[in-house]
Amino acid sequence: MSNPSTLAAVRFGCGLPFPPNAPETPESILTVLAGPDLMAQAWPIAGHARYVEIIGEMRDLRLSGLDRKSPEMIAAREVFIEQTQAAARDAAVATFARAIDAPDGFRERLVNFWGDHFSVLATRKLETMFPFAMIEDAVRPHLNGLFSDMLVAVSLHPAMLVYLDQSSSIGPNSRLGKKQSKGLNENLAREVIELHSLGVGAAYSQTDVTELARLLAGITIGPTGEMIFDERKAEPGPKTLLGKTYTAGGLDDVRAALRDLALHPGTAKHVARKLAVHFVSDTPDEALVAAVGDAYHSSGGDLMATYAAMLYHPAAWVNATTKVRQPFDFIVACCRAIGMTGADIQALNYKIFKVVILDTMAVMGQPFKRPAGPNGFPEEAEEWITPQGLARRITWAMRAPTRLVNPLPDPVTLAQSCLADRASEGLLWAAARAEDISQGVGLVLASAEFNRR
Amino acid sequence: MDRRHFLRGLGVLGCSVAAHPLLTTVTMAGADGARSLGDQRLIVIILRGGMDGLDIVQPQGDPDFATLRPTLLASQAHDLDGYFRLHPAMGDLMPLWQAGQLGFVHATSSPYRDKRSHFEGQDMLEAGTGMDVPLLQVKDGWLNRFLQSQQGLTSETAYSIGQVAMPLLEGAAEVRNWSPETTLLLSPQARLLFEKVYHDDPLFQAAAMEAMELADAGDIGMMAQTPLKVAGVQLADIEMLVDYAAGKLRQDARIAAFSMSGWDTHRNQADGLPRSLTRLQYAILRLQSGLGAEVWGKTMVLAMTEFGRTARENGTAGTDHGTGGVMVMAGGALRGGKVYGPWPGLSEANLYDRRDVMPTSDVRAWAAHAMQALYGIDRATLQGSVFPGLQMGTDPKFVL
Chain A
1 MSNPSTLAAV
11 RFGCGLPFPP
21 NAPETPESIL
31 TVLAGPDLMA
41 QAWPIAGHAR
51 YVEIIGEMRD
61 LRLSGLDRKS
71 PEMIAAREVF
81 IEQTQAAARD
91 AAVATFARAI
101 DAPDGFRERL
111 VNFWGDHFSV
121 LATRKLETMF
131 PFAMIEDAVR
141 PHLNGLFSDM
151 LVAVSLHPAM
161 LVYLDQSSSI
171 GPNSRLGKKQ
181 SKGLNENLAR
191 EVIELHSLGV
201 GAAYSQTDVT
211 ELARLLAGIT
221 IGPTGEMIFD
231 ERKAEPGPKT
241 LLGKTYTAGG
251 LDDVRAALRD
261 LALHPGTAKH
271 VARKLAVHFV
281 SDTPDEALVA
291 AVGDAYHSSG
301 GDLMATYAAM
311 LYHPAAWVNA
321 TTKVRQPFDF
331 IVACCRAIGM
341 TGADIQALNY
351 KIFKVVILDT
361 MAVMGQPFKR
371 PAGPNGFPEE
381 AEEWITPQGL
391 ARRITWAMRA
401 PTRLVNPLPD
411 PVTLAQSCLA
421 DRASEGLLWA
431 AARAEDISQG
441 VGLVLASAEF
451 NRR
Chain B
1 MDRRHFLRGL
11 GVLGCSVAAH
21 PLLTTVTMAG
31 ADGARSLGDQ
41 RLIVIILRGG
51 MDGLDIVQPQ
61 GDPDFATLRP
71 TLLASQAHDL
81 DGYFRLHPAM
91 GDLMPLWQAG
101 QLGFVHATSS
111 PYRDKRSHFE
121 GQDMLEAGTG
131 MDVPLLQVKD
141 GWLNRFLQSQ
151 QGLTSETAYS
161 IGQVAMPLLE
171 GAAEVRNWSP
181 ETTLLLSPQA
191 RLLFEKVYHD
201 DPLFQAAAME
211 AMELADAGDI
221 GMMAQTPLKV
231 AGVQLADIEM
241 LVDYAAGKLR
251 QDARIAAFSM
261 SGWDTHRNQA
271 DGLPRSLTRL
281 QYAILRLQSG
291 LGAEVWGKTM
301 VLAMTEFGRT
311 ARENGTAGTD
321 HGTGGVMVMA
331 GGALRGGKVY
341 GPWPGLSEAN
351 LYDRRDVMPT
361 SDVRAWAAHA
371 MQALYGIDRA
381 TLQGSVFPGL
391 QMGTDPKFVL
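Heads up: the protein sequence lines correspond to chains A and B, in order. First residue of the first sequence? That's 1 in our numbering, and the numbers climb one at a time after it. First residue of the second sequence? That's 1 in our numbering, and the numbers climb one at a time after it.
For the record, the hints were derived by calculation from the structure and aren't laboratory data. In this text, a Cβ means the ideal position worked out from N, Cα and C, and glycines have one as well. There may be inaccurate statements among the hints.
Stated by the list, open to error - To give an idea of the interface, some chain A residues facing chain B are shown, with a C-beta separation under 10 Å as derived from the structure: (1) GLU186; (2) ILE385; (3) ALA430.
Here chain B stands alone, though its shape is the one from the complex (with noise of 0.2 Å):
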């Protein structure tokens, strides 16, 4: 039986319910006169646990890095700009950086300084806000608080992908939430049922609510149709999540969130590293087949992580939680070939905290950079609501 021809039956059905919210919904998402976004696309990946950047984006040309890293330095990276060079696990990406549609801020981090926590480093970066501001007082993250500056867009405009929670984009602009993989199977009557069961619980009613409008939709129970693993590294959890994005995107999706994690590589980092940085690769392929050449052309992606690395090996192989990192970019909206942000050096004057990659630019001024460019928001909006508190500085013109 076609489910979703069973499921529309609902119109039709006589019950003791009479007004549908579930209807007035879907009708409501695609409110005539709602705004769109224009056509850019932006897609933030935030990796968890903390990416060491150093071993990503090796400065090779960097007199103190092979001191630092005894161990670590990967044999079979590839040089990037005579500089630099890049992890051997991501060699598959070399095409894009030779086509521009790679590129990476190195030594640059959220404002988050000292504790050097995960869960204050991802709700800080998440925030969007400063150390001046406690994080308990931040309610929503700074990708919503960019939705909210913009009057009438539609709540197709923006998804958050998977089971992790995104407070990158939660607050009062209403977005998508779903994980791909998820089923819901409900006969008509067990709907209406259901409607009046969650009636008095606005949390449960709202959820439940979007839950059946995107089970009808047709976005449930997708597959992977990658096998479960390849070469020992997990990927279809990250097709299904990639391909959904996609999906959303080349239709009237404009913004889409979701994270990736398994940087936290206190020991075997040589073991631990490449297995993420192949996920990390495979998304961004995925990404750029899944959304065809021309909306490819027209998308950003900012994958960026709450903190980087000691800049030196720890006793175990790996590295141990630090400051400045790197964000990697990609897409045709990229001006990309190029590692972009001062260099800070290695020496260990240089360093912060003398263990540490120095930070010499904020990332959240380049999320900012990036917005302003792909739609067209002033800086005082910025500056202002978005990321309160950042000197977004020069342009640094990475947006084509």
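Just chain A, same shape as in the assembly (with noise of 0.2 Å):
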């Protein structure tokens, strides 16, 4: 039997030995929550603003008249590139940083996988820091509030408005377009409703994706870096989604159709069910799925409500963990287990830090913020414990700590502070008898009571 303060630590945090302050209880966990933002205070990541900042000096020198061709703009683009890189690299050391240090841990559980349920990532060197800018400004700040405000949030932020090219559709009968004769592109309106909202076993056409396109054309990133509306993109006329008809056009319609998205049965459906999937079981217990959709619904897609409902449900605290740690909460399960803290991740090289902890993730089977596709990285245990996945694990809970820490922790004493009650006799007995304390360290952190959640 595993007491509830360990289940709460491995299946809805950061993992053991909790940071001081943790909560430990679902009333606690909730409250913390709703409360102020610390990690993020802590561990500052830039948004788009920073962009936006970055692209302004660019547009500057432009209109000095400096042509684009010309060595000085070149050489001036090489380092607005560096600029946002190092916003990235800054932003990654950070994201686990803040990981390994909150004692909120749910709430970074909770930013993965939101952020994954939101998937962009970064095709084009300029916009490398994208996927962080849009998790801070869309994604945390929306939380512990309405999903129908993340929703807008992220669906009208440059990162995804780029990423699922909507920044290039235009009505076919708008001025552009005529003009032009130029079309829609439907990208983001389909993951709108497939991925982000109704799910795709909900009851929806073809037409209800054409007709959110059109809603959405004229949707796009102005000179300065931002999301504008542009009029003369915008597709004339009343739009038709899921029965409904929205007239009044621009950014209004746009708004007034994604909070109805959100409020929508098959969005509470879709939502609880990835929840529950991803934060109890792969094959999840549909009662525990109908309260937290029910809770969704009944509260307008209340955010905290909907997390209460998964977390004061028995059959999230069954004792069975048959969950596994996907790469990133694995690692950062690993950090915490032998000491480290966000301050040390961040004194690390950012060489080390790459080698030795983001090409791993990507060898794991899950590339940092680089999903393959916008419905983000697989659930399933099975997916991540392959043999190569295994394979990777074991090798990096063997060699890595060693290049993190030093001393490395005694394997027992490291068991029973990462494991609590949850180590079993096999491996106690196992993490004994290692040959050396590093293969001792990665028979701990590649074990499967480690591994599961």
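Fit the two chains together into the complex; they arrive one by one in their own frames, and the hints show the way.
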């Protein structure tokens, strides 16, 4: 048997040992989550405003008369690229530091959950910081608020607009569309319905996708790098999405349509199942899913009420841990277990951080902030614990800790501190018989009980 | 130090763990009396992202084609049969075409319709089921169900290769999963301790045992010989994957599956698609050379995608998710040099939903006919358990 505080740490948090002041019960977890975002303050990450600043400097240079292909401009562009890449590097380090330090582990897990739900990735060098900025601007502020606010903020965030090609979609009957005979790109519209709100199992059609694309036409990224609504690209006329007709036009219609999508019963079901699958089980208890869905629906998509329904449900606290920590959570939990703090992560030479942590995540199957598609990373334990996936974890668990901390912890003590009552007899037996300390640490960190949650 | 020699020390190691399940599995994998599937090889490549068949095999003879694709028409395309042309980025495959070892099925698709979701589309393509079966109910892939229908095969028969999961090969029949660049160096003592640690968790135990076994077989840490990129296109990963597949197929493996992504060309298709085609072309040519003439002569490669793309270009010089697409076929077992499948035409009335290429065949039927010809499985099994509900129709006789 596992005691509930251990489960709170592994299932709903970032692992043991608990940082000081960590909440251990559903009630205290929710109270802390309703409070201020302390980790965001402790480890700041630049939002999109930083990109706008960088782009602004670039624009000023161009407006001052510099030719795009002049050597000065090319050199300046390199500097701007380096600035956005630096922002992304800092953000990557801070993302780990937050999760490792967070007393409020549930918040960091939720950031990850919603970040994956709204997966974006950067494809151009100048946009390297986009995925981090989107989480900072559009996900974190709404974690404990309304899902509709998060959906609107994410759908209109430049990172999403670029990733899902919205910035180049043009209403075919718009002024620009008619002049250039250009048309819609329905990528964002499709994923908003299929992945972000209703879910692919819900009742909608290609027509709904096209209608949402018509609604979204006009949304693009302006010359300052910010989201704008460009009337010249907007599709005129009413649009009918899921039986409701929108006639106001412009951003108001877009916001209204997104809010209606957020409140759709299909979205309640989709979000409830995803939460239960992510936190509790790949095959969650149907009563749990229903309770979470009901809470979402009856509260109008209030996320605190939704999480509460999950955290207060007995099925969320079953003893068996059948899920597997995804590589990010695995590495965070390892760092915590071997006694690292956020400051230790930040003190690492970035090259070491990249090789030991980011590159390893990629070969474990989870390239950091680079999912293969907008549907994010898979949940199923079997997707992660493949022969090669486990081989990577074993190899990392035996080799990486020596590069991260000195001295290494005693393996048996480590097993007790990072697994508490979940450490099996077999593991304690094996940890005591390792040939050397790094092998012992590897056994603990690669063990099934440490990788399960 | 020779690592493999080092690992073989296992057998004589005195230790408190008496039984050695790892060695048992190694033995079982090559068990006596295990049947092989015959000599033919089948390689299935899943092209993830929705490949634009119209741009790969261009119907230049269709009067509506040029209107639908005003900017995407590539001028350097290679003539195939007077009606269809091949995308220029696949020009190095023309000798295979001329030798009858390259072919295509046009206007084909899985039974998936209307929602045009990558994820559902790929799930259905790999599940091998139709629109009548809820995807969540399908727990295995069609290639695995084919293996299930053959009694007594060894686990060396089929390999699922690469870091991307292949639901196509998942299921009750044992298959190997490995990604050739993985390393696992464990001392004998560490191996024994890990066995103990994983003893009570079947998922971890099975994965660890297979990893150690595959690591022993020398399948680890392979390095590509090609530079990482050739003309800006990354090929090293494909090379490792294909070389690993070819190595296994030259030995006991008869079936291999892997996936290639990079087909979701919503914008600037003229920039993105040639890269992916260069990688696919490289994979096919590297398979040919890696397998050697004799094995290549018994090989069928089927490269299929979850759906084709819109017949019309979109507003961003790309194409959106569609329906009918192209399957690429290659190998010495193919009666190639031909574009198979009835051509539906591209006039507005002939398009599916007035936007996509109308599918004129079920991609599963081609796979079924290939398996029937290669391995002599009966039609009832193919239409019953491998592809439930499929009507295979007349044998198009595209296997030699």
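Hints, verified against the model:
1. GLU186: holds, 6 Å
2. ILE385: Since the shortest Cβ distance to chain B is 5 Å, the answer is holds.
3. ALA430: holds, 4 Å
Violation of the numbered hints given earlier is absent; every hint is satisfied by the structure.
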